[in-house]
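The numbering of the sequence shown is the working numbering, which starts it at 1 and goes up by one.
Just so you know, these hints were derived from the structure itself, not from any lab.
Any given hint could be a false lead.
[Said to hold, decoys possible] Calculated pairs, SDA-like style, for lysine to any residue (alpha carbon to alpha carbon, straight line, at most 20 Å):
1. Lys126 <-> Ile107
2. Lys12 <-> Gly29
3. Lys18 <-> Asn45
4. Lys15 <-> His49
5. Lys104 <-> Met116
6. Lys94 <-> Leu83
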Amino acid sequence: MGTSCNKFCVNKLCKERKACACRCEGAIGGTNPTMLEACLGDCWNDPYHLNQYDSVEQYLCSRMDPQQLYNNQGYLCPGFNPLEGSAQGQAYAKQQANLDQSKKTMILVVLVLLVMVGFGFYYYIKGRKKV
């Protein structure tokens, strides 16, 4: 593949590919070589492929795995919840479920204790009235 921003071009197609490559290298160049190669490959196939996206970030979110973008680059794609499909997210969901179960158990224990105290108080008052 010969697409790069530094390439010398004579014909129109080469210049279009070069312009596309310059956009890729400018936006993605310092982040991840794999993402850059994917963008340059898309420039080789279609020099106008970046024009269909509002931003390079939108291009990345449509072409790359959002979880990988978040894990490796820290970029959060719109509408993507990084905790949903990850091991950290599953552990978090399990922890929240355990906390919810603990809260329910505590409420039940407190209710039982209140009922027991209520009956104890009732029998204490009832026993004092007989004397």
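Results for each hint:
{"no.": "1", "hint": "Lys126 <-> Ile107", "result": "violated (28 Å)"}
{"no.": "2", "hint": "Lys12 <-> Gly29", "result": "violated (24 Å)"}
{"no.": "3", "hint": "Lys18 <-> Asn45", "result": "holds (12 Å)"}
{"no.": "4", "hint": "Lys15 <-> His49", "result": "holds (15 Å)"}
{"no.": "5", "hint": "Lys104 <-> Met116", "result": "holds (18 Å)"}
{"no.": "6", "hint": "Lys94 <-> Leu83", "result": "holds (12 Å)"}
In the structure shown, a violation is registered for the earlier hints numbered 1, 2, in ascending order.
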